[in-house]
Amino acid sequence: SKMCTQVEIASLSRWIALHCAHAVEVLARDEREVALKSNGGNETRLLAAMHAKALAALHAAAGFALARVDRFAPSRPVAAALASSHPSVIVDECSRGERHVACAAASIMARAAVLRGGA
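When we follow the working numbering, the leftmost residue of the sequence shown carries the number 1, and every step to the right adds one.
Just so you know, these hints were derived from the structure itself, not from any lab.
Being a predicted model, the structure only gives us computed values, none of them experimental.
Among the clues, some could well be false.
[Claimed, not checked] Simulated restraints on C-beta separations:
#1 P87 - G117: 17 to 25 Å
#2 K37 - M3: 18 to 26 Å
#3 C94 - A23: 13 to 21 Å
#4 E8 - G117: 14 to 22 Å
#5 H100 - A57: 19 to 27 Å
#6 L66 - Q6: 27 to 35 Å
#7 V34 - V114: 32 to 40 Å
#8 A65 - E98: 21 to 29 Å
#9 A23 - R76: 17 to 25 Å
#10 C94 - K53: 16 to 24 Å
[Unchecked claim] Result set (DMTMM-like, lysine to aspartate or glutamate): computed pairs, CA atoms no more than 25 Å apart in a straight line:
#11 K53 - D92
#12 K53 - D30
#13 K53 - E25
#14 K53 - E43
#15 K2 - D92
#16 K37 - E98
#17 K2 - D70
#18 K37 - E8
#19 K53 - E98
#20 K53 - D70
#21 K2 - E25
#22 K37 - E25
#23 K53 - E33
#24 K37 - D70
#25 K2 - E98
Glycine included, C-beta positions come from ideal geometry on N, C-alpha and C.
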């Protein structure tokens, strides 16, 4: 998504939304401080919690056994955050995740939400 224009992001996100099961977790600007505090003031924990919440919503809608996310911390925080509610789901937190279509699509959906003013 970093290499796409805003027009490309909008077009790709519409296609992804139409053809792929997806979930987007958006945090309103005025909710950010409270959410950050509830995650110990740690951006990585907040990001992991938001990833886990989106994966849980997607699992409820479509079900899956494996989730691939871009690795943003060595401690595998997304897997840890999702484990309590979905212990059977394997979370592959991979380096340079944008090489994988699922991570690239998720990045496009997230960027589209930001461009729409949702984050």
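A quick look at each hint next to the structure:
1. P87 - G117: 17 to 25 Å: Violated: the Cβ-Cβ distance is about 36 Å, outside 17 to 25 Å.
2. K37 - M3: 18 to 26 Å: violated, 34 Å
3. C94 - A23: 13 to 21 Å: Holds - the Cβ-Cβ distance for C94 and A23, about 19 Å, lies within 13 to 21 Å.
4. E8 - G117: 14 to 22 Å: Holds, since E8 and G117 (Cβ atoms, about 18 Å apart) stay within the stated range.
5. H100 - A57: 19 to 27 Å: Holds: the Cβ-Cβ distance is about 20 Å, inside 19 to 27 Å.
6. L66 - Q6: 27 to 35 Å: The hint (27 to 35 Å, Cβ to Cβ) holds, given that L66 and Q6 are roughly 31 Å apart.
7. V34 - V114: 32 to 40 Å: violated, 19 Å
8. A65 - E98: 21 to 29 Å: holds, 22 Å
9. A23 - R76: 17 to 25 Å: holds, 20 Å
10. C94 - K53: 16 to 24 Å: For K53 against C94, whose Cβ atoms are near 20 Å apart, the range 16 to 24 Å holds.
11. K53 - D92: holds, 16 Å
12. K53 - D30: Status holds; Cα separation ~19 Å.
13. K53 - E25: The given pair, whose Cα atoms are some 7 Å apart, holds under the 25 Å limit.
14. K53 - E43: Between K53 and E43 the Cα gap is close to 15 Å, so the pair holds against 25 Å.
15. K2 - D92: holds, 22 Å
16. K37 - E98: violated, 29 Å
17. K2 - D70: holds, 14 Å
18. K37 - E8: violated, 35 Å
19. K53 - E98: holds, 20 Å
20. K53 - D70: With Cα atoms ~15 Å apart, K53 and D70 stay inside 25 Å; holds.
21. K2 - E25: The given pair, whose Cα atoms are some 19 Å apart, holds under the 25 Å limit.
22. K37 - E25: holds, 18 Å
23. K53 - E33: holds, 18 Å
24. K37 - D70: Answer holds: K37 to D70 is near 24 Å, not above 25 Å.
25. K2 - E98: holds, 10 Å
Of the hints listed earlier, those the structure fails to meet are numbers 1, 2, 7, 16 and 18, in rising order.
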